[in-house]
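Please construct the entire structure, taking both the sequences and the accompanying hints into account.
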Amino acid sequence: MDDDNAGPGGRAEGAGTSSTSPGAPGRRGAALPGGEGDIAAVRTSLERVRRRSGHVIRYFYAHLFSRHPHLRSLFPEVMDDQYDRMFSALVHVVEHLTHPGLPARLERLGRDHRRFGVADADYPAVGASLVAALRHHSQATWDPRTEAAWLRTYEGIAAHMAAGARRSAAARETVCWEATVLTHRLHGDHTAVIRAAVRTPYPWLPGQYATLEHQDLPGVWRPYSLAGVVRPTPAGAAERERVLEFHVGRVPGGRLSRVLCDATRPGQRLRLGPASGSALAPPPGTPAVTLIAAGTGWAPVKPVLAELLRRRPAPRIRVDAVASGEAHFYDGAFLDGLLRDRPWLSAYWWYEERGEGLIRAAERLHEHLRARRDWADESVYLCGPPGFVHETAELLFACGLPPDALIRDPQPMPAGRRGHVSHAEACLDAPSVRWIDPDARLRAFPDPGESGDPDRAGRDAAPAAVAPPGPAAVRGGRTRRW
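Letter by letter, the sequence shown follows residues 123 to 604 in the working numbering.
Do not take every clue at face value.
Unchecked claim - Ranges between beta-carbon positions, derived for each pair:
#1 Leu517 / Ser468: 15 to 21 Å
#2 Pro266 / Leu517: 49 to 55 Å
#3 Arg462 / Pro374: 34 to 40 Å
#4 Pro388 / Arg289: 33 to 39 Å
I should point out that these hints are in silico values taken from the structure, not numbers from a laboratory.
From the three backbone atoms N, C-alpha and C, an ideal C-beta is built for every residue, glycine too.
Structure follows, in structure tokens:
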């Protein structure tokens, strides 16, 4: 029942899922067997241990691995970032037990867990350890009714996941693609541009992302946006159609991002999970589109821009590229050449100039956006770090952009950056967990009540893992030469 990013469970540096809040009007009844009594008992029980989530999940894994040692190999060697993500996955499912889209989501999750080697026989073991962990940390309130409710609820969850995996296997669906690194370019010390060839066709849409595993970090999966497919030249081999490009920003403390930036060489192997995310290009016929990309949020914007340019007639396009400094425009040559070939494009580069404080740099970008008066007829594609996306979205709405005209990856707002915190403080103010959306292609949880945050995921953030750039200042109006 875990998420699908760090072994058979656990999400990481990626995008979020927009979902209907529990108990929303019109969501009566249970999506899984058990009834409302079981749902109430399970939710109440989970809420009691929420502030002790770290202890609960560590007990769960210790219980699971001690009784079923063979399952340890399905998980990454280092489990530090697994614990919060596992508990967050549990909370997410429990909060949506009444949602009619939950069975489809669970089946998709079971399908995605095939790549970890999860078998039908493993689900009861996980359920027994989960109940044991919850019981151990709820001794004062645990009773036979609560245990029975958890067992019935988990059995329903596991049944849907196992059914999804069986259907996927029967249909011979591909759940993992092998890729070989062809080229690796590290820009400065912060961003890697990687091109890798997959052995079989990889289906994806501009704006989507893929979870990656590196050969040197088995079991560690992270989502990164697809920056495009290298097209073959007229005389080139057809195999070049299967060359994918990824942009990877170095994340402080990030395990996979450091390996991808610093220790990846041509010839090494990657594994890719299925493409996911629904933060796709605006629909055909959209008259005007603004593309706003911060840091490696440029990765999904690049193929979306290419798709818009292929349309006839092409929409009116504006590009705002944001980075923490002038040297951080790692793909500037591409956009510069694009502007030379299409002088009708409007593009701006934003970054903090020398001697300029962050507040003034942010004011320049905000002034530029506020000065525009045509937001009511515009569609905006917005990608970047969660804080940047959230702040920019609020500004655009205040300027008159209709909420349903914004395409972005739903992401949690990050907690303020802090120094060392005690274990008690960490429990009381747990960090936000970044979610990817493994079933975004099914749109299992559309939320009609949150039109300003549509489930159009992709992106990492767009889900690209990225060190948040600082707010920026405009540099020129049309183009600048590198």
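Now for the hints, and whether the structure bears them out:
At roughly 19 Å, the beta-carbon separation of Leu517 and Ser468 lies within the given 15 to 21 Å, and the hint holds. Taken as a hint, the range 49 to 55 Å holds for the pair Pro266 and Leu517, whose Cβ atoms sit roughly 53 Å apart. For the pair Arg462 and Pro374, the beta carbons lie near 36 Å from each other, so the given range of 34 to 40 Å is met. Taking the beta carbon of each, Pro388 and Arg289 are about 38 Å apart, inside 33 to 39 Å as hinted.
The structure is consistent with each of the numbered hints, conforming to all of them.
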